[in-house]
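Protein chains in written order, with my numbering: chain A, 1 to 574; chain B, 1 to 166.
None of these hints come from the bench; they were simulated from the model.
Fair warning: this is a prediction, and the values are worked out from it, not measured in the lab.
Hints may contain errors.
[What the hints assert, rightly or not] Derived, one-sided and incomplete: chain B residues facing chain A with beta-carbon distance under 7 Å:
(1) G63
(2) A115
(3) L162
(4) L165
In this text, a Cβ means the ideal position worked out from N, Cα and C, and glycines have one as well.
The residues making up each chain are set out below.
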Amino acid sequence: MTTRVVVDPVTRIEGHLRIEAMLNDSGHVGDAMSSGTMWRGLEVILQGRDPRDAWAFCERICGVCTTVHALASVRSVENALGIKVPKNAEIIRNIMFLTQMVQDHVIHFYHLHALDWVDIVSALKADPVATAALAQKVSPSAEKASPGYFRDIATTLKKYVDSGQLGLFDNAYWGHPAYKLPPEANLMAVAHYLEALKWQKEIIKIHTVFGGKNPHPNYLVGGMASAINLQGDSAINIERLNMVKDLITQAKQIVDTLYIPDLLAVASFYREWTQIGGGLGNYLAYGDIPQHGISDVASFKFPRGAILNKNLAEVLPVDPADAGQVQEEITHSWYEYSGGKTALHPWDGETSPKYTGPKPPYTQLDENAKYTWLKTPRWKGNAMEVGPLARVLIGFASGHSDFKEVVAAALGALKIPAAALFSTLGRTAARSLETQLAVQWLKDEFDNLIANLKAGDSTTADTSKWEPSTWPAEAKGYGFTEAPRGALCHWIHIKDTKIANYQIVVPSTWNASPKDAKGQHGAYESALLGTPMADPKRPLEILRTIHSFDPCLACASHVIGKDGRKLSEFLIRV
Amino acid sequence: MMNGYLDFLREPAPILVLGLGNTLLSDDGVGPALLDQLSSSAQRWEGQVEFMDGGTQGLALLGRLSGRKALIIVDAVKTGAPPGTVHRMTLGELRGANPGRRGSAHEGNAGELLAAAQLVDELPDRLFVVGVEPKKIATGYGLSAPVKRALPEASKEVNQLLTQLC
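Go ahead and model the full structure; you've got the sequences and the hints to work with.
Next comes the structure, spelled out in structure tokens:
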């Protein structure tokens, strides 16, 4: 008999990511389906609008990743119209991007993913003195590691738990046999969870400085809206830049003395997860952090490329403008294409929803029919994984020395081979390793900005093609970035100064995509195959792998319900 | 033009009116829409009140709660009442809206934000939610008719609260 485990919502609120996993007799996942249960279709909202306004709509696609969608959007318009942004704008965009990446990855680790590995309730049993000893061993340079500090944390936690609800920590699988950390490691992780929570509200001020406001910082087609005057009072001046510098120093400290040591410490208890959750073995990155303009791909700090079949000896070239490379299929997606077409490059993309699934609420989806609102992006016909692991592997395989160094250090510390990276734990580790690089690059980009300003260049935008009268009657462009969860690209078609077509392929569409015409699984589905489950009623193992991708299908509604608890129920059907 | 650059360096206004919701999901955008109405009369509160469009930012808004005496969240509130019903809730009533375990790092929601504020001991002393029952939470720009009709009443609720608090 096949047991079907349904996890819905994997993301908290109605209508997002749903996973159905079919267990075989030995209690392993034999087949899996990933479904996005809510139609988004922002493309339809953008049609007919002014391309210069698109970024402000795109910024609202995602709850947290405001900057990456705005960035991809302005880049698509600039690409279409042949606009080259000034040096300062390139650097400021890099600073905004890296700030987002560092903040997002740290938050992902402590506030989402750690709870898959750390048992909060067990932390209450920890001895503060032993915890202090452990913390000093794990990270000798951590600022706070005294027994008194951990005693206070334990008191705070106890008070919070005793208040009658676990609040942020509710609805996990406390006491699940797959949790392995000793109580002291759990308490240390809780302490750092709190540190990260307090820190993340500071780092984001960098967006306020350069984006003019936060949330929802300002972007601009042609550059950035940030006015800089080192000696002035009303623009970005030296005082504000010094504050940014302090925030970057603080971020580096959090990453180097908390995030990386904690990741390595937690990983050392879960080495078996280097054998689970690998999945496709195909990786794609568009790359980002240009040093000499967006068209100079070779200058990117995050290199572009594709890897197939875990072959780290070859990084294949990628071109978002090539109609034969990125295509979206719809074999198992609730859409229809005109004229019975089966796969379209995003410039020719169509967004025509056609729901043929069961009437909600339903108990199961049919893996042989259409089963998701996500389209099915493929690269040269291959299902691809995008995100931190893809970027780190492509950086490593491209021979970039900074990638090689951080990867070698982590593999050495955990005493595991490079092949261990193709796994759930590898994906989680890759996220921390690229954060280590990102926070260093953030510092470098800041230094670049100061050097450029001191050299007398304070230009932040090129507005020579601002007026639609300067545009051609028709133009096509694409704008890409490496969002925290992976390769993101917006494709735009401008006609008579308005948006004729706009297509977005977000990272989670790559990763959460369904099977394609050839029956190839998407990245989540593939990564779940073979996963052992200790207790199907509490599918912690599924969550570990799915969370290692940092799913983002929500990007959305957060309606307050009278009973929020009910919304976060995991439905298990056996 | 430079308004806003220094906002976060100043002493925060004692009362924050925080609009939450996604403007690209029809009635989920009622929070920001309400905020637009309210901020037109913002000057009458003379620096006592800050109006902020929080979108769906969730935890990233934590820093903006620090140092506030009172917080009024304006948002879509789904209870099963007829669309356009205006709800007014206090912190105690909100406790039922437990945030639960997040499935994604990208699920900004009020419950989670408040639970985090409580954990770091930065929950404002007084907390209210003024919400409107949505009709449609689905891709689309703009509010449904019943929700649009509820804006004046919801706006009045917020202004009454502000009068009491200021």
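- Query: Is the hint on B:L165 kept, meaning its closest Cβ partner in chain A is under 7 Å away?
  - Reply: violated (21 Å)
- Item | Status of the hint placing B:A115 at chain A (closest C-beta pair under 7 Å) | At about 4 Å, which falls below the 7 Å cut-off, the nearest Cβ of chain A leaves the hint on B:A115 intact, so it holds.
- Query: Holds or violated: is there a CB of chain A closer than 7 Å to the CB of B:L162?
  - Reply: violated (20 Å)
- Mind checking the CB of B:G63 against every CB in chain A and telling me if the closest is under 7 Å? Result: holds, 3 Å to nearest chain A Cβ.
When each numbered hint is compared with the structure, violations occur for hints 3 and 4.
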